Structures are given as structure tokens and as C-alpha cells.
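**Q** The chain contents come next:
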Amino acid sequence: MATGTKFEYAPAPESRSIVDIKPSYGLFIDGEFVDGHGKAFKTVNPASEEVLAEISEADEHDVDLAVKAARRAHRSWSRMPGSERAKYLFRIARIIAERSRELAVLESIDNGKPIRESRDVDIPIVSAHFFYYAGWADKLRHAGYGEQSLGVAAQVIPWNFPLLMLAWKIAPALACGNTVVLKPAETTPLTALLFAEICQQADLPPGVVNIVTGAGGTGQALVGHPDVDKVAFTGSTEVGKAIARTVAGTDKRVTLELGGKAANIVFDDAPIDQAVEGIVDGIFFNQGHVCCAGSRLLVQESVADDVLERLKRRMSTLRMGDPLDKNTDIGAINSSEQLHRIRELSEVGDAEGAERWSAACDLPTKGYWFPPTLFTERTGPKTSSRAMVMSLRTFAKTVGRTK
Amino acid sequence: MVSGVPGKPMLGGMVASESEVEKTPFRDLDVTGSDSSLRRFLHGLPGVDQVGAEQRAASLSTRSIKTSAKAYALDLAISMVDLTTLEGQDTDGKVRTLAAKAISPDPSDPTCPSTAAICVYGDLVATAKQALGDSGVHVAAVATAFPSGRASMDVKLADTRDAVEAGADEIDMVIDRGAFLSGRYLEVFEEIAQVREACKRRTGRDAHLKVILETGELQTYDNVRRASWLAMLAGGHFIKTSTGKVQPAATLPVTLVMLEAVRDFREATGTMIGVKPAGGIRTAKDAIKYLVTVNEVAGPDWLDPDWFRFGASTLLNDLLMQRIKLQTGRYSGPDYVTVD
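Top to bottom, those sequences are chains G and U. All letters in the first sequence, in the order written, are residues 6 to 408 by our numbering. All letters in the second sequence, in the order written, are residues 26 to 365 by our numbering.
Keep in mind the hints are simulated off the structure, nothing from the lab. As the structure is a computational prediction, the values presented were derived from the model and not from experiment. Ideal placement from N, C-alpha and C gives every residue a C-beta, glycine not left out. Be aware that a few hints might be false.
To be verified - Quick look at which bits of chain G chain U covers, simulated, 3 or more residues with Cβ under 8 Å:
1) 167-176
2) 293-305
Stated by the list, open to error - To list a few chain G residues with every Cβ distance to chain U over 12 Å, as calculated:
3) A17
4) I120
5) Q279
Unchecked claim - Using 27 Å as the maximum straight-line C-alpha spacing, the simulated DSSO-like pairs for lysine-lysine come out as follows:
6) U:K310 - G:K11
7) G:K11 - G:K235
8) U:K154 - U:K91
9) G:K11 - G:K44
10) G:K317 - G:K27
11) G:K317 - G:K331
12) G:K331 - U:K154
13) G:K331 - U:K95
14) G:K371 - G:K47
15) G:K92 - G:K144
16) U:K95 - U:K310
17) G:K246 - G:K235
18) U:K95 - U:K270
19) U:K310 - U:K154
20) U:K350 - G:K11
21) G:K73 - G:K317
22) G:K92 - G:K44
23) U:K270 - U:K91
24) U:K225 - G:K11
25) G:K331 - U:K91
26) G:K331 - U:K310
27) G:K246 - G:K27
28) G:K27 - G:K11
29) G:K11 - G:K246
30) U:K91 - U:K310
31) U:K154 - G:K11
32) G:K371 - U:K119
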């Protein structure tokens, strides 16, 4: 009997063998994979820096082909009865559910997020979204929305929830009779390309969904394309502003979902243990790569020490490591640029005199990693009208640009 | 206790000195001086958010415990079982069978650990004690008019003394839930303290006291936390969820709240209290979820039969079957383990 020894969880990795990653991927235009004319780039596994695949880059010409394909497809897709469009969407939703394990593993490999999250959060919600909007497709007229579609939607999405962001953008657009050209983020294109295969599997008419991969230049070409009716973007505030400038004065409609960092506020009558859970979920979920991550913490002074102590204890139990291990709580930072940005901002915190505390954990030698970190500073509003005199700023892993 | 947060700084003023801390029950503390001060303290404890506690328990249940970790967890769980029979139809023969099983749960494998204790009614303690001999397996007896606790204090104390005199190593008492729910906290405190007194032996080898809160009757997690603190302040060595006679019995969120309570109590006073979920834990998979929760909420110090127990009857067989499966790679089936 081994009492008193530590309860070490044995590695419980999800198998990679379910996913077949090709050495290179083209663009998905008009129902077919074609080579791009830009400079190909590589996508890496952020947990190991292993190169996963070579990805084509779409130049202006490729983007033009994609928009033209979407325009052609729009003629028949928009005239199709809603109940018929729904059939395609239901089929896609079912295939996503059936291939959920494959999608979850691929998402974790390409993004660095723990398999627990991609398996229990991302992919089930993706499938649920397609089911939901499939149900709307034949009810728009009855709900008073009419049946007039917009046309071709140009969609640019971030890397923090790659497939989920794709679902948020594509499912409603298709349900309403629009066709789309979507650009996934440069660092996380793989699940979008697998989704393209799922569109083929579902016999979706060619051109209804087009996926063009690439970096900022491709995105610019897409949102600036004159034959696009709608621009939808989720990502950083700077890029959002640039897009707003590009579409200003045109007939294009635009939706921007940009960044913002939220505060947690804890008063002394809070259920402290659950408040700590809320803080931890708020900032460390998805490595803090969340547009509304709770990166600031304001605590009433009378419980500040207690909350801080409990928070540190809880942070010390977070398990960081292989994203494919089912017991991992925190995976890898998505890219070296993000890691660099987090380090840079942490140094600013140090320079400003905030006290830095990081949970003790062994960081893997390869890959992009940053330990769960907490900055405290007690120089907040001194004697304001409220009793909150302490501002703990949790920076860990996130500050900066996320969706 | 204005803010009533069980962190070190708050309770620090309450606890006179380190040496005094060792002397449970905490009669000298001013919080237990009167009904109103006790109420102020218990109601000043931070609340428990139901959604948050249940969410945390659910996320801990998704841990994947495999291979070597599973082997460790199964053996640990077996060594934590209080193998229980609490039926009107219990006989001496049944108790002797149970004792034999507790000593060597898997007779074909000497490396299989014994269970921590067997748990019986008071009149069967002598039989159990004799059957267990010097095996090291403890005898736990339920007392104080188990399971309802509806008897006069004299009867409850006599019940306890009877079991202690018969040689019980551990006493599982029930609190007066009626008194607790109607807010007569001091009465419950006194009850626990007196039963603790009745657990004493002249030899100095006192019976350990487990206090059953019967969480299925306490209605809210806030009440579970208050009852836990009340039982700890009054001198219980263990806090236990349920009698097993009331539904719901042990649940993971309730156990989580109690584990937070013992963790906070040790931080505030230095005294370590054990936790025993009982009733409704039937599978090895469930038992492992509890061990993960102990590990990540209270900490590894509690991963020991002295500080964590499972009150169960059918759980042991599933643990044994999983253990055999892990060793041989095959399921042996329920025909290969004893029914009782």
C-alpha cells in the first residue's frame, strides 16, 4: 500500500492516429482544392514547434477566383428553398458530430489548446451551431426576417477558437442564403481545411463555401474585393479599425468583433472558493486566448489576502503540458509572436513595479509556453467611494491581442 | 468574526495559542460560547455557490486516470473502504464473513490491501472485534440512535458507551438534523462534544469520532459547510456525509464542499480532520473521481485511510474486479468475488 505518496496521474494522451495530416494543402475554391499563387507558408504545432503542413497562400488573383465562385454559387443557393438549404446544414452538423474526435485532435495539435477543451467545448458547440442555424433556414420568413440574402460574405477569423469561429461565421450566412469566402488565421488553418473536406463529403454545391488561406495580405485582398457584399471580422482592434477604414464609403455591410479585457470584481460577501474558480476559468481557459478574458482582478481589501492565497493555491494545481493529454488544463501559447507579446507585457508589469508570481511548473523545452502568472499591485484607487482598494492585475498568458 | 472568512488572519484572534489548538473540542473559543455567537460565526462563513461547486466537481470528474495511476488509486481506495453492513437482518455470521473479506478482500492475491474498517451496529461490535482479531482492520460502530438520531441524549450516550465498551475503534454518530435546521446550533455542538466525551476510554485509547451530517437532509451547500465547521469545532475526528439511509447520500459536490471545509479548518487551527463520503458510491470509477477531488481540493495529505474513507458495501467488489482486470487484462465477472 503506497499511502502518503503523491497521486501522480499517468499520461493519458489522446491518440493522434485518428487524424491524417497531409504534407501540403491548397486553397478550397469552387468545391475543389487548388494551388495558391502566393508564397506557401508552414503551420506548426505550438506545443512542439513541429511543422505540420505546408499551406498555400492566396494572392489577389486567387481571392478574386474565390469571390467569383461564391458569386456564381449564390444564384442557385439563394433561390433554393430554406428547407433544402437546411438539409445541407443538418448534414454538415451530423458529419462534424461524427468526426468530432478527429476535429478535436486536429484543433489541439494546430492550436495548442488542451484536448479537454477542444473535445468538450469547441467541437460540440461547432456541431450545435450548425444544427441550430439549419433549423432557422426555413423559418426566416415566418419570423419576419424575409428571405432576401445579402450575397457574398467575406469572413476573416482568428486563431483562438479556429473551428468555432468558422461555425459562427459560416452557419448563419449559409442558412440565410449567402455564400462565403472565409480566411482562417495564418497559424491555425488546418481545421478549416478539414471543414472544406466535410463540405465535399456533404455534397455542398461548389462555390457555396470557399476557403482561402494566408496572412494579412490575403485578408486585405478579401475584405477589399469590390464584389463582396458583407465583411465579417473577428480579431484584433487594430486590424478591425483598418477594415472599417477599407469598407467605409462602400456598400458593404460590416460586422466587427474585436478585443476587450474584462475585470473580475470580488466583494467580501462572495462565495470565495467559487469566486476563485471563476477567476481561474476567466483567465486561464484556452490559455487566456479569449476576447473577454478576465485579465484584471479587483478585490475588496477585507478579503484580498484570503482571495490571493486561495488563488495562488488553486493556480498551483493547474496542470500544464501536452495539449493532447486528457488531464492537461493549460496547453501551449498559440504562436511565437503571441509568446513574445506576453513576455513583453509581463516585463512592462515588472518595470511598473507590480509584483510577479508564477505557479511553479516545468515548462517543456520545445514549444511556446508561459506559466500561469499573477501580478499584484496595491496602488489602485486609494480612497475611492467604493471599498475596493486593491487591484490585482492578472496578466498571465493573455494580455494583448486575442479575438 | 465580522467578516467570518476562515483564513488564517481572521481566526487568528480566536485561537488563543498553538498548544490550545491541540485540545479539541474548542470549548474555550468565544465563538462556541453561546448560541448567538456560534450562529454569527457559522453564518459568517463564505457561502457556497451551487452552480460553481457543481461545475468544479464535474470538471474534476473528467480526469483520465489510467495504468499506474489507476493501480495506485484502486489500491488506495480499497484501503479506505469502511466495509459496511447496517441492516436489521444482520447476523453474527454475516459480520464474520464481512470481517474475513475486510482482512483479505482478494484471498487469491496477498498483495491486495485490507480495508480500513468494517462498519456495523453497536450490538455486533464484539463479534466483529473477535473476528478481526489483530488484523489491524478497525471496527466502526454507528451510534446515537442511528440513522434518525431521534432519541434522548441519555439514550444516545448510552448507545455510544455500549459500543465503545464492546471495543469499537471508531464511532459514527449522527447529528440532530432537526436541531440544526431549526438553528439550535449550540445544542448540536453540545451533543457532539458529549458523544466525543463518551468515546473516551480509561486506557487512553479513545474511539475516534465520525460525525454524520446527513447532507441529504441539510438542503443547501451553505448548510453543509456550516454543519462541517460545527462538527469540527465540537471535536469530531471525521466528518461524514450520510447514513446511507437517506437519498441523496454522498455526492461529489457535497464532498467537495466538505473537503474545502477541512482544508480551511487546518489552515485556521492546525488541526487536521478526516472526510468520509458514504452511500451511493458503487463503482471504482466513482471512487477514483473522489480521490482526484481529494488530491486537488484538500491536497495529497488527505490521500490516506487515516484521513479519507469510503462508507460502502458494494463498492469493494467493483474495486476488486477492476484491480483484477488491470492485472490480467480480462474482466473476471461478478462470479469471482464474494457476494457479501
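**Q** Next, verify each hint and record whether it holds.
**A** How the hints compare with the structure:
no., hint, result
1, 167-176, "violated (count 0)"
2, 293-305, "violated (count 0)"
3, A17, "4 Å, violated"
4, I120, "10 Å, violated"
5, Q279, "3 Å, violated"
6, U:K310 - G:K11, "19 Å, holds"
7, G:K11 - G:K235, "56 Å, violated"
8, U:K154 - U:K91, "37 Å, violated"
9, G:K11 - G:K44, "51 Å, violated"
10, G:K317 - G:K27, "42 Å, violated"
11, G:K317 - G:K331, "23 Å, holds"
12, G:K331 - U:K154, "45 Å, violated"
13, G:K331 - U:K95, "14 Å, holds"
14, G:K371 - G:K47, "17 Å, holds"
15, G:K92 - G:K144, "13 Å, holds"
16, U:K95 - U:K310, "10 Å, holds"
17, G:K246 - G:K235, "16 Å, holds"
18, U:K95 - U:K270, "30 Å, violated"
19, U:K310 - U:K154, "31 Å, violated"
20, U:K350 - G:K11, "23 Å, holds"
21, G:K73 - G:K317, "55 Å, violated"
22, G:K92 - G:K44, "38 Å, violated"
23, U:K270 - U:K91, "33 Å, violated"
24, U:K225 - G:K11, "34 Å, violated"
25, G:K331 - U:K91, "11 Å, holds"
26, G:K331 - U:K310, "16 Å, holds"
27, G:K246 - G:K27, "36 Å, violated"
28, G:K27 - G:K11, "41 Å, violated"
29, G:K11 - G:K246, "52 Å, violated"
30, U:K91 - U:K310, "11 Å, holds"
31, U:K154 - G:K11, "33 Å, violated"
32, G:K371 - U:K119, "60 Å, violated"
Hint compliance for this structure: hints 1, 2, 3, 4, 5, 7, 8, 9, 10, 12, 18, 19, 21, 22, 23, 24, 27, 28, 29, 31, 32 are not met, and every other hint is.
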